[in-house]
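Which chain is which? The protein sequence lines are G and V, in order. Those letters in the first sequence? Residues 22 to 399, by the working numbering. Those letters in the second sequence? Residues 14 to 381, by the working numbering.
FYI, nobody ran anything at the bench for these hints, they're computed from the structure. All clues given are correct.
Below are the DSS-like pairs computed for lysine-lysine, each with C-alpha atoms no more than 25 Å apart in a straight line: (1) G:Lys113 x G:Lys324; (2) V:Lys176 x G:Lys64; (3) V:Lys113 x G:Lys54.
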Amino acid sequence: MFKVIDKSIINTDEMVLNMGPQHPSTHGVLRLKIITDGEIVNKVEPIIGYLHRCFEKHCENLPYEQIVPFTDRCDYLASMHMSHAYSMTVEKLLDIKLPERVEYIRVIVSELQRIASHLIAVGAFGLDVGAITPFTWTLRDRERILDLFELLCGARLLYNYVWPGGVSHDLPVKFIERTYEFLDYFLPQIDEYNQLLTTNKIFIERSADVGVLPLDVGINFGVTGPSLRASGTNFDLRKDEPYSVYDKFDFNIPVGEGLMGSVGDCWDRYYVRVLEMKESVKIVRQALDSLPKGDVHEVLPKKIRPNKGEVYSRYESARGDVGFYIRSDGKNIPTRVKMRSPAYCNLSVLNEISSGWMISDIIAILGSLDIVLGEIDR
Amino acid sequence: MISIVDTILDSLSFINIDINMLLLVAIILPGLVLFVLMAINVMLAVYFERKVAAFMQDRLGPMEVGIFGYKGGKKFWGGIGQIFADTVKLLTKEDIMPAKADKLLMLISPFIIVTGALLTFIGIPFSKGLIVSDFNIGILYIIAMSSVGVIGVILAGWSSNNKWSLYGAMRSAAQIISYEIPIGLTLLLIVIVCGSLQVSEIVLWQSENRWFIFHSPFAFIAFFIYFISVVAETNRTPFDIPEAESELVAGWMTEFSGFKWSIFFMSEYANMLIVSIVASIVFLGGWLSPFKIIHLSFIPETWYLLDGFYWGIFWLMLKAIILIFVMMWFRWTFPRLRVDQLMYVCWKVFIPFSLANLFLITIWELIF
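Model the full structure from these sequences, guided by the hints.
Encoded structure:
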């Protein structure tokens, strides 16, 4: 008739779920080994290295000037930040004092790049929680920034624009007018994103109180950038250790306040980025207003051959604290280049904040950390 | 003219053949017509959805593929040829099956799903009398048949031998079974009021009295509970957790390709049409003209009423298409709910509300 099932043969093990490297929402080629109990996630183990391109080894075989395009390819969503951070380090090594105009142009392009990068982060986070339209809207507006960069240097993604000792071209004709036009156009768009996504009830349900990153855990794991600021600190290198000419501008550091849930949840990490875009608009406007005249190639070195020594500098990129360490033996090739990747440290906290949540939440938490695999693997 | 089967039987009765043969003809003929209708429906609906999505996302949608007048650099008809391009692409695609998959189950699961969708159409009218068979238990039949698909979904998810598919299938099963309860309860409310399960009787009641959505506050609430629940039952955003592309790749249809996948697609859009038509029939007066509420004594009623068989098709389709548009609007606006939030909405919000609704409408009926 019917058999009595032997209870001992029923396995109620945890299931290992392999997410990626080919998965729609791992933001590139990240692989996550998820140990699940039904829908609940017990442990997440990020496995990286699928986009490793030997950046640091390449640097040991290339002259200083030729490393700049490689830095662009690290964080391909914020190329300007990477080349700016690298150039700053080389300038520190060479001890160059840059003309004012170069610094202003660098601030303008960096902040435009920050807006572009945060647009991707905001849109892709919407995509991760299932809203498709915000992503196309943010890409539409990012396109305008890419148009500006195309006008500036001819490239739309990997610019090779910021060089050690200067920038490749001066601002082209009409660039300033078109940037003003963009800023006027862009500010109302932020309110539109807020109406469509930020204040959406379902979006708040999905992101508020999810994946809360306590401040002490964040600091212990070395999380930086908007992801840390969402946990309630205003640590920002632009204010705390002002490089370039950031000390001349008036802007605020948005901090997560837990408006919809608790401080440091996914919603906060998302909203800090939205607010940072507004601040970047303010900075660009101030920089354009007070742009000094001058020659951008004035101190551009013909050949870079620094003295023996080592140097480390920090830079606030769209993802956090980028650090470049360069050691020179007095040749035109660096002996060692090491890059501190902010997204790498931000990703390391994933397991800490996502165990106990559901699979859908892992996607949301990962999206809110805003990683770029090119920078993690290098 | 009561139903299509009756009409065919009547008009063929002069031929002197066996009654069983006659029945076979009367069954196969509407079936073929329905299948063709569904194929056309999915083609048009996909094009419509792409255009709606493009409209909401500030882009143009399909614009390149034309059918006529394409030469000379002139684009024609806003890329309407995309419909045929998509169809040909899907039907000629290679059918891939994973090596460790359960071949038989994987083969039959698309057909179980599409059979459920097509069988539902037997009880779905397109106008007055334009229904394959007008049973006296029509609404019950529609509810029963629309839940056949979930068996196919579970089989599809299990047979693919893929963890994402399994997750999708389990989520889908839980979701469809849960949301059937509020759907059944809200439809029961209408049945209580009009006293019949027959589709034509329900519309007749509305033509004699008023549309059910305006019947009482409870029926008004019931319409929204019904509509949101059917959005969940057809796996559309914000309830598309079974196929959630950012989480589960493509949910239970991850491993399906080519023709089998296009059958899934066909049944998805067929289900959308079914639930929209049922919503229009039950709550929005079916094939009745919306101008019936206007009373102008100085103009003859036939001039503005626009009622009748052919206008009936128009009005019913118009109402259904508006509801389908609203579903697409949802999809391109909202994020997705999480699986526990979805269950919360069903079990803790919709079911208590529809039970209370059911109780209150009986009191309403006793008083008025």
